[in-house]
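Protein chains: 2
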Amino acid sequence: MKFAFVVKTVASVVLSRKLVCNHSCPGKAVPFLITRNLQVLSSLRSQPEAPAWGSKKHKNKQKIKIQFINIMADPKIEEILAPFRAAVKEQGDKVRQLKESGALEIDLKKAVAELKARKKILEDKELELTPVEASFDRAKMEDLLKRRFFFDQSFAIYGGITGQFDFGPMGCAMKANMLSTWRSFFILEEQMLEVDCSILTPEPVLKASGHVDRFADLMVKDDKNGECFRLDHLIKAHLEKVKSDKKTTAEVKVECEDIVIKLDGMNKEEMRVILRKFEMKAPLTNNELSDPMEFNLMFSTSIGPTGLVKGYLRPETAQGIFVNFKRLLEFNQGKLPFAAAQIGNSFRNEISPRSGLIRVREFTMAEIEHFCDPSDKSHPKFDEVRHVQVLLYSACNQMDGKAAELVTIGKAVDERIIANETLAYFMARIQQYMTKVGVDPKKLRFRQHMNNEMAHYACDCWDAECLTSYGWVECVGCADRSAYDLSQHTKSTGVRLVAEKKLPEPKTIDVVEVVAVKGAVGKSFKKEAKEIMEALSKLEPATVAEVEESLKTNGKYLLEIGTNSYSLTTDMLEVKRYQKTTYVEEYVPNVIEPSFGIGRIMYAIFEHNFKVRSDDGQRTYFSLPPVIAPLKCSVLPLSNNADFVPYIRQLSRDLTIADVSYRVDDSSGSIGRRYARTDEIAIPFGITIDFDSLKEPHSATLRERDSMGQVRIPLKEIAGVVRDLTYGKTTWTDVEAKYPKFEQQETKS
Amino acid sequence: MKFAFVVKTVASVVLSRKLVCNHSCPGKAVPFLITRNLQVLSSLRSQPEAPAWGSKKHKNKQKIKIQFINIMADPKIEEILAPFRAAVKEQGDKVRQLKESGALEIDLKKAVAELKARKKILEDKELELTPVEASFDRAKMEDLLKRRFFFDQSFAIYGGITGQFDFGPMGCAMKANMLSTWRSFFILEEQMLEVDCSILTPEPVLKASGHVDRFADLMVKDDKNGECFRLDHLIKAHLEKVKSDKKTTAEVKVECEDIVIKLDGMNKEEMRVILRKFEMKAPLTNNELSDPMEFNLMFSTSIGPTGLVKGYLRPETAQGIFVNFKRLLEFNQGKLPFAAAQIGNSFRNEISPRSGLIRVREFTMAEIEHFCDPSDKSHPKFDEVRHVQVLLYSACNQMDGKAAELVTIGKAVDERIIANETLAYFMARIQQYMTKVGVDPKKLRFRQHMNNEMAHYACDCWDAECLTSYGWVECVGCADRSAYDLSQHTKSTGVRLVAEKKLPEPKTIDVVEVVAVKGAVGKSFKKEAKEIMEALSKLEPATVAEVEESLKTNGKYLLEIGTNSYSLTTDMLEVKRYQKTTYVEEYVPNVIEPSFGIGRIMYAIFEHNFKVRSDDGQRTYFSLPPVIAPLKCSVLPLSNNADFVPYIRQLSRDLTIADVSYRVDDSSGSIGRRYARTDEIAIPFGITIDFDSLKEPHSATLRERDSMGQVRIPLKEIAGVVRDLTYGKTTWTDVEAKYPKFEQQETKS
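So the sequences go chain by chain: H and G.
Everything in the first sequence is counted per our numbering, starting at 428 for the first residue and increasing by one.
Everything in the second sequence is counted per our numbering, starting at 428 for the first residue and increasing by one.
Since the list gives no way to pick out one identical chain from another, each pair is judged satisfied if it fits inside one copy or across any two copies.
In silico DMTMM-like links for lysine to aspartate or glutamate, alpha-carbon gap of 25 Å or less:
no., residue 1, residue 2
1, LYS808, ASP1093
2, LYS1165, ASP1086
3, LYS1156, ASP1086
4, LYS737, GLU630
5, LYS704, GLU667
6, LYS804, ASP1093
7, LYS753, ASP570
8, LYS965, GLU757
9, LYS983, GLU967
10, LYS804, ASP1092
11, LYS670, ASP718
12, LYS737, ASP640
13, LYS1156, ASP1081
14, LYS737, GLU721
15, LYS537, ASP685
It is worth saying that the hints were derived from the structure and are not from the lab.
Owing to the predicted nature of the structure, the values given are computational and were not obtained by experimental measurement.
Given only the sequences and the hints, what does the whole structure look like? Please build it.
Right, here's the structure in full:
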């Protein structure tokens, strides 16, 4: 079979190189108002092998400058870029032509590789011409993340395991806040059906979903010590070395470049040839390498004591929802559309995990499966998001050498850039959620999968990508999975995962079925008669025709049940034809799937909110929005004077009643130092009790983290003010307008 | 080594049979006011092999009557029981004597087995004499749980996997509410440090914790088809059959009874002898059985592509906290005591999972590790719980044949029944949490582990047990784990997991250390000199003495580093002695661990809240407390009349703002039928919009699920009233007092 396969979301980067190109643009390319373009130095995919989290090599490489490309602002630059854009477009058009003319797969593939090569040259050129706009010190941020234990490598005292992380108190609270916001934003607001399914999954389920056969990466092994390398990483690193060798001829250098660019589209054999041609050896040991082999990315185990029931840790939460479809449909009283959702951990045995939280072996996902009638993908709440502006990097634009464009959701659907209302509705909601929890909207875009990288089951797929120092990172996938999964599970289990809808008017249909003549079958087959009759009643229409034909020509039909076959003669079977009136029609629902990688979003939030005080490069902090800040408020007594204690206690009670999480920091150290420490763990508001607080009218200082502004507020009002600030019912500007600015304490001890 | 091992909580029932008896009562037995005694027909342990969830056999066995024993109410019964109590006490005393005199392990073990036998006879007698107080129809409850998809077997369309369950929308919401209540009740209120650690755990971590070597059950295999059986279950079932055979002699029957009673205390060899003596065969196939073998209950897998890094799915969340101790202590600015907490999934590969949610392969735990100074286990908030009454079934009472006793937490600590304030504080908090989320306080007791069933690391352990139709089920373990885990990980990693405390006054200590003579070592060992000097600086005091001795007698010392050894002569080493003044002292913190099995608590809540309407046996429902009810409120338009729509919409908005989860049920069907349906999914409050609602002053009917009482409330106030009812700020009685009773609708369409 020729179709390609991508298992959604976080792994699509990994898998996309295995895909066949069969691109055609949905709708046609329409020019939009281009207001802003964001691209990055190096995309995630073209990053060279990144060293492990926290390693020395890792730290040395961390000072990376992010460059924003804002080309449209400068017509001169655009003039230079014009020929490069044209080159991409030319090749894009060629790919389209090949597709339309039904060209050979091999020719199509070559053309796509060339297209990618031209896209890369264009991106490099864009970069070269762009002035640096912002700089970001990843080492400094990672230092803060580790030092205040937002998260860190798991089992570090045992040497650690790559690709596994533990979240400390602040990271854990932030993650819990992200998930609880997600739950209200999606599940409650949209009245979705949340489920919580098993992680350990028996093999047949993942066989049906395609994961057992196709969820794999290519790797090679060191022949002597067995160390494994991801083949594409290895080839890329080796060829970079060859290229930079002075002895290498110009011709070979060009060849190396060409291979690196085309690597993503190569199959096992093509890569094997390159591996051998360049006589690659294992890095460090210089041992011989094995031939490439597929390595399935699922963790396997046995369920139960016999070792006979093979199982895997689920690689996505989605399958748990699909196998429960019937129960969910019934819970929803048989009505469609409805959405089910699940928050939970999934597992992928990456060959070489890297880039901190971005490629890990164990991760939390939040997935939605919206089931709907394939003939009606409208959405009742679409008008509520019609006005939302999103930055779309459509497949067409990617093929035409154009940049991403800012359009409204409504227009994108009207112009058929986004395939349907439901998909578009979720994209708008994804963007709203992302910005609510702290993703910088200027660093968020939706990139459409080109047909050659899209999973075979999907009709359309858009990734919400966040710009980080690792490039554009896919954080949320939003795919139209069509009827693929339900059909697969129906095929594997015989359980019909379908919905019913009322026909506009009753329909009369012709029925043809094979009916057993009870007496005759019973006489011939005795005990087995029942099973035979059951099997006959379940025959598909196509088989019925076959039976009829066989009876006519051979006077008998060979019925196969499992490994047995039964010869049924004309006296035992009757083919009946009649008409039936039906009022409903069965159909396999389609699925629109927004799938969130929580760890990746979290990482993007960290980068987008990492700040350094302009007056002191050592004072770093996270400007997290209060809704996801681990704690909402700190309470700081000026000193450990016993007089402060009752005020601290009362304030703590007030904050608890107001449902505001807080932390009392009564350690020694100046207020300034303690503020700096609470800034580091992203606490947005700080209350200081000083000697003025002891006097009537009792008051305290409230400080805001980002502006460092301070106001004086009556003690009784302060918990309410912090609550309103936290839940977005008032703003800091309002608070500053309402209360006097804090200058300095009047009373001293 | 002689010590025993229990891996806490949910598995202790599984493991307790492997334990050595070394009982001695903490404090002495003190008579308390006995106000109530609760015991049950059959304890979890003495249940015969239960059939799988949902199987026919399972359903047939489900009509179980729970009998409460309230013996103290009847002195006549107590008179009959007296000799049985005395027999238990006699044997309990004998066990104590044997322990004190340091008797042989084998004698002790026999005595404990006899003690258990007598306890069982007492329990059976108690039961025989007790009138039936309540009946419970498990089949009916399970039907409701499945039908409304609270939870059900995972992967059912693929035939299902025993011991794995998926939670549907209502079960999932209820679980999420239980966890969020847990989070505010423990983590926020007690300012604990929450973490979220990896599930996949490398082998060395679980080797150190003892799980790799000892977390196992005994099983036998069918020699031909490889089917596995838990040995104790198999023996029990076989002997029950032998006993009921008419041909069996009275003598053999007694022997069978004796074995069944003593089975829990038997080792592998003793069980093997019984297996062979009774010539047991595999059930169903009648094939030969293998010798008993240990089966480790952890799921194993490989991490990474080489297959060389062995890992397990964690069997408890606790280890993730222990390996992060240093980071957490640092986060807490070095201060003790503090508590860390974790909510997450753990995995145990049960040989034969059963009893629905009670023994499963994948389950959610919520664990707290409270780290404290071993010399100070007081708790600052102890006075807040001093008055709380708990039902304690102490080890002493178990050995003395007495029943459980109701005492206050304060008294239990004063009388040394509970070992320390911190343990007692958590027990009170556990009880408060359990009753808050819906556990019937009359069906909750704390059973102390007898020393012979306690893990070797624990000084005291109490299980919160819930009475269900499966007997008393351990739902929360509350153990003093002492310094066991931190010491084990220190031993395995060399990383000192300790805390420091200021000494009351500075202490001068004698230091003795080996110092390398740099020049001499450098000259002899060149490159390796640095490593040698480092190794020398890390020598333990005991080894320093050894070095000194060796230099004196042999003139040299053989230093081993890894596989290399270095001969160091007198000219290279100097032994230095001096005095040092220290102000702090290092110590290994102790750990108090409350560990919650969320699924088990959930199951107990279902049983304790399952109700049948007195007037209609078919109308079943769950009287879940609003705080954990999946949805707080239903909104029911009387009919699908379009006039209701704007009111429904406004009410929905009001409820969303009031943070009350709700569900609109606008399906056809009478209001009564819809109420019944919302009762089934435990929705505590229902709002009906009828034709009176359309008139000024607009109002609606509010109905309460348990009492089925109905009042009429102004539409504007209703969301606030439901919110206050949900979060316990008002009661239904108050609402009934304030608003007029609803009689019937005045306006018709």
